[in-house]
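Novice: Now for the letters of each chain:
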Amino acid sequence: MLIYIAKRILYTLPIMLGVMIVCFALVHLAPGDPLVSVLPPDASAQMKQQLMVLYGFDRPYYEQFLRWIVRALQGDLGSSIATNRPVATEVFKAVGNTLMLSAVATFIGFALGTFFGFVAGYFRDTFIDKFASFLSVVGVSVPHYWLGMILVIIFAATLGWLPPTGAGPGGSENWAWDWEHVRHLILPAVTMSVIPMGIIARTVRALVAEILSQEFIAGLRAKGLSEFGVFMHVVKNTAPTALAVMGIQLGYLLGGSILIETVFSWPGTGGLLNAAIFQRDLPLLQGTILVLALFFVILNLIVDVMQTMLDPRIQRS
Amino acid sequence: MLLADKASTLPPVARSPGYWATVWRRFRRDPVAMFALAVILTLVLVAIFAPYIAPQDPYKGMSLRRLRPPGTPGFPLGTDELGRDMLSRLIYGARLSLFMGVTPVIYALFIGSAIGIAAGYVGGWVNTVLMRTIDVFFAFPSVLLAIALSGALGAGITNGLVSLTVVFVPPIARVAESVTTSVRTRDYVEAARASGASAFTIIRVQVLGNVLGPIFVYAMSLIAVSMILASGLSFLGLGVKPPEPEWGLMLNTLRTAIYTQPLLCALPGLMIFITSISFNLLTDGLRSAMDIKA
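The listed protein sequences derive, respectively, from chains A and B. Take 1470 as the starting number for the first sequence in our numbering and just add one per residue. Take 64 as the starting number for the second sequence in our numbering and just add one per residue.
The set of hints was computed from the structure by calculation and includes no laboratory data. Be careful, since some hints might not be right.
Unchecked claim - A few chain B positions that, by computed beta-carbon distances, are all more than 12 Å from chain A:
no.	residue
1	Thr248
2	Asn273
3	Glu307
4	Ala329
Unchecked claim - Taking beta-carbon pairs under 10 Å as the criterion, some of the chain B residues facing chain A (in silico):
no.	residue
5	Gly137
6	Ser294
7	Cys328
What the hints assert, rightly or not - DEER-style ranges, computed between Cβ atoms:
no.	chain 1	residue 1	chain 2	residue 2	range
8	A	Val1522	B	Gly219	27 to 33 Å
9	A	Ser1682	B	Met97	53 to 59 Å
10	A	Leu1681	B	Phe112	47 to 53 Å
11	B	Arg92	A	Glu1684	44 to 50 Å
12	A	Ile1597	B	Arg249	40 to 46 Å
13	B	Val192	A	Gly1698	39 to 45 Å
14	A	Ala1687	B	Phe112	53 to 59 Å
We put the CB at the ideal spot given by N, CA and C, even for glycine.
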């Protein structure tokens, strides 16, 4: 077990290096001058040269890359070309908000998804199963940015129950546990939860149906175990996979929150990416993507390790 | 008469129906999947014959008739924020939206299967190099990768297609690799090799014959995701640029009218939803007809 965990961590290192190379390449993939957003249109060649040197763009790629990595490892992601503030500070503030949103959404999605999955798996091929399965197909098929707009139309524009945008009163960007902030969280979190809900429901349904058809369930029933006791066995057998799917979904939501954050003007990494893309602020783009991707890699690592610990039957090579 | 001669004069045994005929027969009995197929075929026809179906010019606007609600005489689905006919724009939108959603998956199907089959068939260090490189792309959530790439490349149809193709190559390559690896060690491949078939022939006949089905169905299941992602890019202002009619872009430009004409704003998204759910249901039906698990 320990050897497996150590191997898994070691295996993550080259992946992280690859992720850094991709993030670095992004900036150089971009057409045009990386300084286009700071330079005035009538900038002289000398001024341009000065800025190139200042940002290190005049160096060979491998040197720029090494320097970027060394600094990134020390927590310095450079500074934003547009605002001149350190990228790391901006990103970590935004990650907090995105994490809050994604975690709540994953939790709602997990609760609903396991419920629908269990019901569908238990009552397989009945009307209930068809309905629950249909809901999960809707969950994975609906363009969530559109669903967000629909919910805003219904609950904010028409009924006026919930605020349409923002993370708190008066454009507050710092999360707090009070009713005003929670009110702002409800619509984006529910919108976001639809994706993990659909995927978890599908997974759990297949798992439950498969477990129920196994012989040990018949054995448990034959020895006189109550239906609730049998149910607990099913839960125990479903948990490792369901939890793993949940963990991976959290990672997907963290990285994919930009569309929903745009709809709800949520002050997270999505807003940051949006700003970075349209102001062509490449250090900010690079830094945000790097942090999100590393989060995803580490989350996958944790999920893998936890799954192995929860379910010792899993033999990994 | 020798037995052999007699055999040759017997009428040929009725050919058992081929694999695809069996799949089609099972598929035909699935009403949900058949309905989904009908919806998709309709959308494709609408896209092809858009100029003949659309009642108005989808580009021509008039500031006097902006944001009319659905049901306005002459404009059955209303007009958009520039006074262009909504129905015509939705009809023309099928062209770009389907194109942007389906094309990347087709490109990725070719590139990804080539990489996956090469890695799986050759094995060894070639496999290691190819698949570990693919692993790096799995470290990015797909939405993030698509947005990062098209954000760096800039808006536009080509850049959008490139970004989405890059997103779908790794998953297809991974599936192709695992199926090929499992096929490679089967006895019939060994038998073909023993009878002197070249590597190319083995790949063409034995490997492709057994691998293409599962990869194809997997790629089909990605089209739904691709539709949502492609429109999502345009929704963000990446991908398709105005004034082209594309559902995601229309959703974006109509967002400002969400309070005044909510029904109108919901229409383009509804089209994306219908398309993507049809592709998902079609894939589900195909999967059970072909008896492929997961």
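Novice: Determine for every hint whether it applies to the structure shown.
Specialist: Results for each hint:
| no. | hint | result |
| --- | --- | --- |
| 1 | Thr248 | 16 Å, holds |
| 2 | Asn273 | 24 Å, holds |
| 3 | Glu307 | 18 Å, holds |
| 4 | Ala329 | 6 Å, violated |
| 5 | Gly137 | 25 Å, violated |
| 6 | Ser294 | 6 Å, holds |
| 7 | Cys328 | 6 Å, holds |
| 8 | A:Val1522 with B:Gly219: 27 to 33 Å | 32 Å, holds |
| 9 | A:Ser1682 with B:Met97: 53 to 59 Å | 28 Å, violated |
| 10 | A:Leu1681 with B:Phe112: 47 to 53 Å | 49 Å, holds |
| 11 | B:Arg92 with A:Glu1684: 44 to 50 Å | 31 Å, violated |
| 12 | A:Ile1597 with B:Arg249: 40 to 46 Å | 41 Å, holds |
| 13 | B:Val192 with A:Gly1698: 39 to 45 Å | 51 Å, violated |
| 14 | A:Ala1687 with B:Phe112: 53 to 59 Å | 57 Å, holds |
In summary, the numbered hints that this structure violates are 4, 5, 9, 11, 13.
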